[in-house]
Structures are given as C-alpha cells and as structure tokens.
Amino acid sequence: MKKIVSLLIIIVLLASCNEYQKALKSEDPAVKLAMATKMYEAKNYNKAIRIFEQIASVYRGKPESENLYFMFSQSYYKTKQYYLAGYQFESFVSSFPKSEKAQEASYLGAKSYSMLSPVYSLDQTDTTKAIEKLQAFIDTYPNSEYLGEANSIVKNLNEKLERKVFENAKGYNTISDYKSALVALDNFISDYPGTPFKEEALFYKYDSAYQLGINSVPSKMEERLNVAKVAYANLIKFKADTKYKKQADEMLSRVEKDLQKFIK
Numbered sequence: 636m637k638k639i640v641s642l643l644i645i646i647v648l649l650a651s652c653n654e655y656q657k658a659l660k661s662e663d664p665a666v667k668l669a670m671a672t673k674m675y676e677a678k679n680y681n682k683a684i685r686i687f688e689q690i691a692s693v694y695r696g697k698p699e700s701e702n703l704y705f706m707f708s709q710s711y712y713k714t715k716q717y718y719l720a721g722y723q724f725e726s727f728v729s730s731f732p733k734s735e736k737a738q739e740a741s742y743l744g745a746k747s748y749s750m751l752s753p754v755y756s757l758d759q760t761d762t763t764k765a766i767e768k769l770q771a772f773i774d775t776y777p778n779s780e781y782l783g784e785a786n787s788i789v790k791n792l793n794e795k796l797e798r799k800v801f802e803n804a805k806g807y808n809t810i811s812d813y814k815s816a817l818v819a820l821d822n823f824i825s826d827y828p829g830t831p832f833k834e835e836a837l838f839y840k841y842d843s844a845y846q847l848g849i850n851s852v853p854s855k856m857e858e859r860l861n862v863a864k865v866a867y868a869n870l871i872k873f874k875a876d877t878k879y880k881k882q883a884d885e886m887l888s889r890v891e892k893d894l895q896k897f898i899k
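This note's numbering puts the first residue of the sequence shown at 636, with every later residue one more than the last.
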C-alpha cells in the first residue's frame, strides 16, 4: 500500500513538473499566466517568478496586468529579493494608483527597503532610503492599518542611525583621544536629545573629561577636573540610578581629591 501511495505521489509530481515545463516553453501568454498564478497560489514563488518575468511586458496595459503585477511583486518579496520587490511594488503603485491593493503595495515596497538596511557599523545609505520611503507611506496613508508597524520600523531604523553616530563618537574615547571624544559626544547628545543611548553618551563624556583631567599638566588640571565634575552632575541628573553609578562615584572621589591640591 505504501509503495502504491509513493508511486502515485511521484506520478503527480512528474505530471506537475511536465505541466510547468510546457507552460515555460509555451508561446501562449494565457497558458503562462495560468501556470504562474497556480505556482503563486501554491507558494512556489521562484517558479512563479520565472514565468512572470516572461510575460510581464506582454500583459502591460491589459485588464489582467493589475493582479499579475501584484503577484509578481509579492513573489519577489516572499523570496526575499527586496531590491526587486521594492522596485516592483513602487511600479505597481505608480501604474495602479486607484487599485484596492495600492496601499498594501506602497507599504510592502517601503518595507522592502527596510529589509535591506545593514548592521549599524556599515554604510547606512539603504537605512536612510528606507526611512524616507516609510515616512512617505505614513504621510500618504495616516490612517492605514499598517501605520503602527511602519512607525515601529522607522523608530528602529532611526535608532540604528543614532547608534552608528554614537559608536563613532564613543570610538574617540576608546582610542584615548579624549578631546575629540568630548566634542563628538557633546554634539551627539545635542543632536539626539531623546536617544536611547543618552545614558551611555553622558557616561563616556564624563569618562573622557575625567581621563583628560587627571592626566593633565598642572596648569590645566583644575579647569579640566571641574569640567569632569559638571559631566558627572549631568549624568546623575539624567539618571540618578545609572548603571555606571558605582564607577562614576569612584571617579568623582579621585576628581575631588585632586581638586584639593588647588585649594588655597
């Protein structure tokens, strides 16, 4: 019985493959469209794409084109070919602005660009482009069912950009270029006042001021140690129970001890 079932499955699969191959080689666009639709509905997106690529231009401007191009775009998206998906969804919206699928296509097109966003340490051109696309979607469809997800993606992408700027600023502290670190971290805090990296930025600004102060020549030490005290106060003001509290307090004790030398 099991052998019979297995044999039937093999026969069905072979018949299906033969049917697909015939559609690929067919010169009848209708045959190709029917097979592409069948593959799409069966979630066999790669096979669907092969046929869509053959017939997309043939059906341009015809009644079937709206559904065809949406399936074509979705197939790229489902197979994680996000550059092509983004392009196809944008083309769909441009060609069918009144389609009931225009909003979904607009969102998925913008989301496709977000899927291309790399890790924060790499070039963020695609991240910036994704934010622009998603913001355009949000502005166009302020009441969309996709609004919450779109805003969440934009928030995450913005945080990625902020992290890149923060890590670059923090990098000066890492290589002991404390003067540059103070400037870069101060600029970061000023440019991104609501950043989730503010606590870290304030601490590394404090650490940079501290290191610069305790390692200064006597003529500059008092001034720089007082700068460190202000940086400590800003950190504690922002978050009294900061995760850096113990370390920050130990550093402050050293600052205050060294400042005693300048009391007359």
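The set of hints was computed from the structure by calculation and includes no laboratory data.
The reader is advised that the hints may include incorrect statements.
[Said to hold, decoys possible] List of simulated lysine-lysine pairs, DSS-like, C-alpha gap at most 30 Å:
| id | residue 1 | residue 2 |
| --- | --- | --- |
| 1 | Lys673 | Lys697 |
| 2 | Lys697 | Lys682 |
| 3 | Lys799 | Lys736 |
| 4 | Lys864 | Lys790 |
| 5 | Lys814 | Lys764 |
| 6 | Lys833 | Lys736 |
| 7 | Lys874 | Lys799 |
| 8 | Lys855 | Lys790 |
| 9 | Lys880 | Lys790 |
| 10 | Lys833 | Lys715 |
| 11 | Lys881 | Lys896 |
| 12 | Lys660 | Lys713 |
| 13 | Lys855 | Lys795 |
| 14 | Lys736 | Lys715 |
| 15 | Lys833 | Lys814 |
| 16 | Lys881 | Lys814 |
| 17 | Lys660 | Lys682 |
| 18 | Lys713 | Lys673 |
| 19 | Lys673 | Lys795 |
Quick rundown of the hints versus the structure:
1. Lys673 <-> Lys697: Within the cut-off at roughly 20 Å; holds.
2. Lys697 <-> Lys682: 23 Å, holds
3. Lys799 <-> Lys736: Cα-Cα ~36 Å, so violated.
4. Lys864 <-> Lys790: 34 Å, violated
5. Lys814 <-> Lys764: 33 Å, violated
6. Lys833 <-> Lys736: 41 Å, violated
7. Lys874 <-> Lys799: 23 Å, holds
8. Lys855 <-> Lys790: Given that 30 Å is the threshold and the Cα spacing comes to 42 Å, the pair is violated.
9. Lys880 <-> Lys790: Answer holds: Lys880 to Lys790 is near 29 Å, not above 30 Å.
10. Lys833 <-> Lys715: 35 Å, violated
11. Lys881 <-> Lys896: 24 Å, holds
12. Lys660 <-> Lys713: Holds, because 25 Å separates the two Cα atoms, which is no more than 30 Å.
13. Lys855 <-> Lys795: 37 Å, violated
14. Lys736 <-> Lys715: Holds, at roughly 20 Å.
15. Lys833 <-> Lys814: 19 Å, holds
16. Lys881 <-> Lys814: 24 Å, holds
17. Lys660 <-> Lys682: This hinted pair holds, its Cα atoms lying about 13 Å apart.
18. Lys713 <-> Lys673: Holds, because 16 Å separates the two Cα atoms, which is no more than 30 Å.
19. Lys673 <-> Lys795: 40 Å, violated
In the structure shown, a violation is registered for the earlier hints numbered 3, 4, 5, 6, 8, 10, 13, 19, in ascending order.
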